[in-house]
Amino acid sequence: MAPLTLGFLMDPLETVRVDHDSTFALMLEAQKRGHRVVYFEQGWLRFNGRVAEARMRHVTVRRELGRHFDVLDEAPRELSTVDVLFLRKDPPVDAEFLHATQLVELCGDRPPVYINDPAGIRDANEKLFSLRYPDLMPDTRITRELPVLLDFIARNAQGTILKPVDGFGGKGILFLAPGDRNARSAAELLTSGGREAVVAQAYIPESRQGDKRIILVDGEPVGGVLRVPSGDDHRGNMAAGGTPHKAVLSARDLEICERLKPELRKRGLLLVGIDVLGDYLTEVNVTSPTGLVEANHLDDVCIEARVLDVAERLAARRPKA
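Numbering of the sequence shown is given in this note's numbering, commencing with residue 47 and proceeding in unit increments.
Hints may be right or wrong, so weigh each one.
Claimed, not checked - When the alpha-carbon atoms are kept at most 27 Å apart in a straight line, the in silico DSS-like pairs for lysine-lysine are as follows:
1) Lys366 to Lys78
2) Lys366 to Lys312
3) Lys307 to Lys292
4) Lys217 to Lys292
Since the hints were made in silico from the structure, they are not lab data. Predicted model, so just to flag it, every value in this text is computed and none were measured.
Construct all of the structure, not just a fragment, from the sequences and the given hints.
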């Protein structure tokens, strides 16, 4: 097919880890296929009186630490000039992020192909979206009320996990055993004194063996990583010190993926990372799911190629200029 322009809304390119970053892997694959790669940061996005535009950098990329990209040119461009737009800004999903998802939709009658769809991202909070499938999840409560939290903690014999609704990278995740004298203090801290809701989930003992990050492309599982926590931590997140191991997808994992597929496709969530602990779904990550590079190495696959196949297929249906 003719070369496309692939855009990436992302964090500063200067800061990416070339041996780990999933967005960078997608950029490399796009360039390998002969496509034009441009990127811009959230702060470079604006509305010009008619449509959304951004100061964009046309770049070449390479997996060389310290000199991993060159800027070929930099200029303001309307977002409609981009064939495919990857929305890959890392969390937190704050007000500025949500405003960006609204701005990128203002492209007139010729929007790019979005990966992922802005409205889908807004609707699919990574901790809350999975609540649509309570039978797939551990016993879970979402509340800011301290008595409800403390009662839930007291009733979970094997322990309770508390985490912020908008947390990411394992930050702020606490394990509390029943009878823990820190329970009230921890609940007060995470709820900001009862002003912010938190997620409380029954602890799954299998988490000591790790949690699975399963990557779905257009609703289909294409790879995974078992993230094993260090001996002195309960968190498997790689950002929190967990180590990646090969993941073998079970029948239950595949059942969870199949249940999610229709809703993910309906909402335009084409690149998703779900987290599974034992037999339970815990999160559905849609903003900038990671794990592609690790899954590639462990499973001898190329997930970014699967993503680009979908992007090219959808771009071919885009209205002509």
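A quick look at each hint next to the structure:
1. Taken as a hint, the Lys366 and Lys78 pair is honoured in the structure, with Cα atoms around 24 Å apart against an allowance of 27 Å.
2. Among the hinted pairs, Lys366 with Lys312 is consistent with the structure: their alpha-carbon atoms are about 24 Å apart, no more than 27 Å.
3. Note on Lys307 and Lys292: the hinted pairing holds, with a Cα-Cα distance of about 23 Å set against a maximum of 27 Å.
4. Pair hint Lys217 plus Lys292 holds up; C-alpha atoms about 24 Å apart against a cutoff of 27 Å.
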